[in-house]
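> One-letter residues, chain by chain:
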Amino acid sequence: MSTRILRVILYLYPRNFRDRFGDEWIELAKRRIGKGSERRRVGIGTWWPVVRDAVRAIPVAYGILIVDGARRLGSRVYRTFHRSSIINAQHRQSLHTPGPDPFLGSTGSDIRHAVRSLLRNPRFTIAAVVSVRQC
Amino acid sequence: MARSTTKPLTGTVFYVLLALMDRERYGLAIAEEIERRTNGEVRLGPGTLYNAVKRMLSEGLIAETQAPRHETADDPRRRYYRITPAGKKTFTAEAQRLERLVRAAKAKSAKQVGR
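Protein sequence lines correspond, in order, to chains A and B.
Using this note's numbering, the letters of the first sequence correspond one by one to residues 1 to 135.
Using this note's numbering, the letters of the second sequence correspond one by one to residues 1 to 115.
Calculated directly from the structure, the hints in this document are not laboratory data.
Among the hints, erroneous ones may be present.
Each pair of labels, with its calculated beta carbon distance range [said to hold, decoys possible]:
1) A:SER84 <-> B:GLU99: 49 to 55 Å
2) B:ALA67 <-> A:SER84: 41 to 47 Å
3) B:ALA105 <-> A:GLY34: 34 to 40 Å
4) A:ILE87 <-> B:ARG36: 54 to 60 Å
5) A:VAL8 <-> B:GLU64: 26 to 32 Å
6) A:TYR62 <-> B:ALA110: 44 to 50 Å
7) B:GLU99 <-> A:ASN88: 51 to 57 Å
Here the structure is a predicted model, which means the values were calculated and not measured.
Using N, Cα and C, we set each Cβ at its ideal position, and we do this for glycine too.
Please model the complete structure; the sequences and the hints are all you need to start from.
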């Protein structure tokens with residue numbers, strides 16, 4: 001009986017708290033409500049230490065969860081930003097590095113992309129050619 | 001994340017560090033040790049204790065550790081905790097801060113009695 005009630009109280013805690021400390025929480029809570037807790041007891045006095053503790057501790061547990069989540073999210077955003085800034089820096093460096101003419105390389109791929117798009121949509125191509133011709 | 005040693009500790013965190021100073025313990029044993037050391041004046045509730053443990057783990061004041069050999073047979077589900085060097089440093093700094101406070105309080109009360 002007492003274990004069932006304790007499990008209901010425990011269920012109000014965040015899931016990661018339950019998963020990590022659940023069994024030990026029940027063990028200590030049983031100790032707090034007294035050794036004879038297996039007998040049917042209905043007095044609020046018996047449960048008061050655990051209920052009072054839960055009222056105080058549950059909001060704190062959710063607070064810890066939110067702070068941890070925000071911290072993790074913050075570090076993930078920082079890592080992503082840091083990684084993208086490294087990639088951007090490498091890209092900028094590669095643009096400054098003399099090589100097989102990067103400008104022409106990118107122009108060539110732009111032209112290829114344009115030709116592919118025009119071939120895919122012949123009506124648009126005809127309209128574009130006609131309007132360019134009229135100019 | 002490391003905790004600043006200059007920041008005052010909460011009562012619960014201080015008691016947990018005190019309970020872990022001599023050896024590693026699991027949750028229930030920490031609560032019992034605190035009760036014993038304070039002559040039953042401080043009885044930590046389960047939620048308060050495990051919230052503190054969770055926070056202290058993330059701040060690096062304590063760490064999870066292997067159960068001592070003679071206690072492994074008790075319950076394999078039990079998680080044992082030990083104090084870290086950062087935890088010891090924080091505990092010592094807090095004890096010194098409290099000592100200064102007590103000294104100041106004693107001096108004040110002695111002056112009051114002398115008047």
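> Against this structure, judge whether each hint is valid.
Evaluation of the provided hints:
1. A:SER84 <-> B:GLU99: 49 to 55 Å: Given about 51 Å between the Cβ atoms, the range holds.
2. B:ALA67 <-> A:SER84: 41 to 47 Å: holds (45 Å)
3. B:ALA105 <-> A:GLY34: 34 to 40 Å: holds (37 Å)
4. A:ILE87 <-> B:ARG36: 54 to 60 Å: holds (58 Å)
5. A:VAL8 <-> B:GLU64: 26 to 32 Å: With a Cβ separation near 28 Å, VAL8 of chain A and GLU64 of chain B satisfy 26 to 32 Å, so the hint holds.
6. A:TYR62 <-> B:ALA110: 44 to 50 Å: holds (46 Å)
7. B:GLU99 <-> A:ASN88: 51 to 57 Å: Given range 51 to 57 Å: holds, Cβ gap about 54 Å.
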